[in-house]
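Asker: This is what each chain is made of:
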Amino acid sequence: MSYRGMIAEMVSFKAHNGDTGEAYYARPSGAGPFPGVVLIHHMPGWDDWCMEATRKLAHFGFATIAPHLYFRHGPGTPDDLAAKARTAGGVADDQVVGDVAGCMAFLREQAEANGKVGVIGFCSGGRHTFLAACRLEGVDAAVDCWGGNVVVDDPSQLTPQRPVAPIDLTGKLQAPLLGLFGNDDKNPSPAHVDKLEETLKSLGKSYEFHRYDGAGHGFFAADRPGYRPEQAKDGWQKVISFFHKHLD
Amino acid sequence: MCSYITETAAIVGSAKGPDGWVNVTSANVYFDHPYHAPLDHALSIDFMSPDSSQRVAVELSAESARALVARILSALETGEAEHA
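Top line first, the protein sequences correspond to chains A and B. Quick note, the first sequence lines up with residues 1 to 248 if you use the working numbering. Quick note, the second sequence lines up with residues 1 to 84 if you use the working numbering.
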């Protein structure tokens, strides 16, 4: 079922450390109840594609909130704030997890909410999604789209801001996990995905992985050469079905 | 994958942004997903003002970035010889 009418607007939410965060929130028009989704952008920032993806999920019936992870560096345009965040070494994992928790609370407070909340993220947002699903209570479904550095090959890559390899938290994962990956991707490589899948399997976690031939990293992005229409169409269908299965 | 790897160079000069000319004292260089260019990855350079409040940015394909490096070196070589 799709919803052609929707409301999309800027909202505030109570973020990590009690900060007031800004987010883009799109939901189907009508009283609901609608399941909620937190959508986490990739490192280049809170861009137009992130807004489009937020509206796409609303179109399919999910009240979706996309927090601006770099709002603390503002004011400024999203690309300028992304540059500032990059200069600062990126955002800390604790802060992102706190911001996701704030967005989950926002969703559950809305009159149109059904009380279920999923999390989805792309690229570094996929990694953040995995982290949030391992560290937060109340995540009902998680979708990791080609999150890199979930598996950390070189421990020297761990930093005070990103001190733990997410794969090491797999034992704490409580939500069912959907993972989408391109077999031509280098990070996560097929070997990284193998390692994550082995870990999930050995710990008895609920997961569903789909690996696409002929696709690399970020194959959903229609404005980039890496876009793969067939794989992207199938991938989006997997995302929508997975969220409906676990959040309706 | 989104990369956190950034090279920073101290520079001396000026750059022109939407609000006019500014002094720039550093350049952050990285190869990652761009914000605007229709590329999977781009060589990005952020020319930064001293207090990092202003940024003049470019996002270039890897191939054109390498060509630009060669042209910069070539221009420096011929220009410095001309003005020696």
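Certain hints may be false.
To be verified - Not the full set, but computed from the structure, chain A residues with beta-carbon under 10 Å of chain B:
1) Asp-47
2) Lys-84
3) Gly-90
4) Arg-162
Worth flagging that the hints you see were computed from the coordinates, not collected in a lab. Predicted model only: the values in this text are computed from it and were never measured. Backbone N, C-alpha and C define an ideal beta-carbon position, used for all residues, glycine too.
Asker: If you check each hint against the structure, which ones fail?
Answerer: none
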